[in-house]
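Protein chains in written order, with numbering that gives the first Met the number 0: chain A, 0 to 151; chain B, 0 to 172.
Please keep in mind that the hints were generated in silico from the structure rather than gathered at the bench. Every clue listed holds true.
Distance condition first, Cα-Cα at most 27 Å in a straight line; then the derived BS3-like pairs of lysine-lysine:
hint : chain 1 : residue 1 : chain 2 : residue 2
1    : A       : K23       : A       : K52
2    : B       : K164      : A       : K52
3    : B       : K155      : A       : K11
In silico negatives: residues of chain A with every beta carbon more than 12 Å from chain B:
hint : residue
4    : D33
5    : V80
6    : F89
7    : P106
8    : E107
9    : E115
10   : A116
11   : L120
12   : S122
13   : Q126
14   : G130
15   : Q136
16   : R142
The structure displayed is predicted, hence computed values, not measured ones. The beta-carbon is built from N, C-alpha and C at its ideal position, and this holds for glycine as well.
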Amino acid sequence: MDLQTVEILLEKYFEGTTSIDEEKQLKAYFSSQDVAPHLEHYCNLFGYFKTEKEIKFDKKLPLQPSKQPTVKWIGIAASFVFLFGTAWFFLNENTNANKDLGTFENPEEAFQATQEALQLLSSEVNQGVEGIAVLKQYEKTKRTIFKKSNKK
Amino acid sequence: MKMKPLEFENLIAPFKDKVFRFAKRLLVSTEEAEDATQEVMVRLWHKKETLVNYNSVEALAMTMTKNFCLDQLKSKRASNLQLVHSNYRDNQVGLDQQLEAKDSWNWVEKMINELPEQQRLIIQMRDIEEFEFTEIAAVLEMNETAVRVALSRARKTIREQLVAKHNYGLTNS
Numbered sequence: 000m001d002l003q004t005v006e007i008l009l010e011k012y013f014e015g016t017t018s019i020d021e022e023k024q025l026k027a028y029f030s031s032q033d034v035a036p037h038l039e040h041y042c043n044l045f046g047y048f049k050t051e052k053e054i055k056f057d058k059k060l061p062l063q064p065s066k067q068p069t070v071k072w073i074g075i076a077a078s079f080v081f082l083f084g085t086a087w088f089f090l091n092e093n094t095n096a097n098k099d100l101g102t103f104e105n106p107e108e109a110f111q112a113t114q115e116a117l118q119l120l121s122s123e124v125n126q127g128v129e130g131i132a133v134l135k136q137y138e139k140t141k142r143t144i145f146k147k148s149n150k151k
Numbered sequence: 000m001k002m003k004p005l006e007f008e009n010l011i012a013p014f015k016d017k018v019f020r021f022a023k024r025l026l027v028s029t030e031e032a033e034d035a036t037q038e039v040m041v042r043l044w045h046k047k048e049t050l051v052n053y054n055s056v057e058a059l060a061m062t063m064t065k066n067f068c069l070d071q072l073k074s075k076r077a078s079n080l081q082l083v084h085s086n087y088r089d090n091q092v093g094l095d096q097q098l099e100a101k102d103s104w105n106w107v108e109k110m111i112n113e114l115p116e117q118q119r120l121i122i123q124m125r126d127i128e129e130f131e132f133t134e135i136a137a138v139l140e141m142n143e144t145a146v147r148v149a150l151s152r153a154r155k156t157i158r159e160q161l162v163a164k165h166n167y168g169l170t171n172s
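Chain A on its own, in the form it takes in the complex:
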């Protein structure tokens, strides 16, 4: 590279308008043996750039394989199982209940069945009333006892 080119490139360099390629040419020129005497003081600058690029990082990196993802997936899987389990449970119960409705095609039959059911209901209710009759006796006894104790 002739001196004139070097000087032009240097001027461009200080204006910040050189390309990477032109800067490489400058670096090559200033590391060569025949640098013009009046430019010699730039050798250190470009020489410094070249040596700086050689510095290496050789410390070990503490890279731990992260176990977090698997744990997270187990959690997600478990919640899905729970969700579908409960959903399935409720859906099944509902279909079972629907099957047992026991509808009748024949109106007479339906009437009979209804009557039977009502009969059953009334007999159960009567049983309950009988139970309450016993309770009335309790009430009576209670009243007499408490009246006595109040008078005392």
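We have chain A; now place chain B onto it with these hints.
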């Protein structure tokens, strides 16, 4: 996608030295730069699943390093701690070079490290790592023109000092 430590090491291999030198340019101390590099790499490792979304993991790493180091410097200044760096050119590479050249590089390094932080980073990325202006602008979150202006300013400051030293040497000898 699961990435093994070895795969990750291969991924960062092309730029981990650059990250270290970048951190060293800001923090100056070798130990601090090593810690910063480790920190940035571990942070990258933790976000390894999302790395595929980035165009350039290198640019991402450089940006993270810049932010991390600037934060370090800020908190150091806040706690009024002075930067103590006695390790200019500690792991000298060109050991076969002459002592005189070493001294001059030492001097060049001091000169560069006395520039404002932003200019230091630009010199580091352009003159040492040979990044394109678009890449520098992306990492430093500036526009390209601003990068060029700052670079030119930094280079001219260096030139002034080089010429001054050169003339001083001439008049002294």
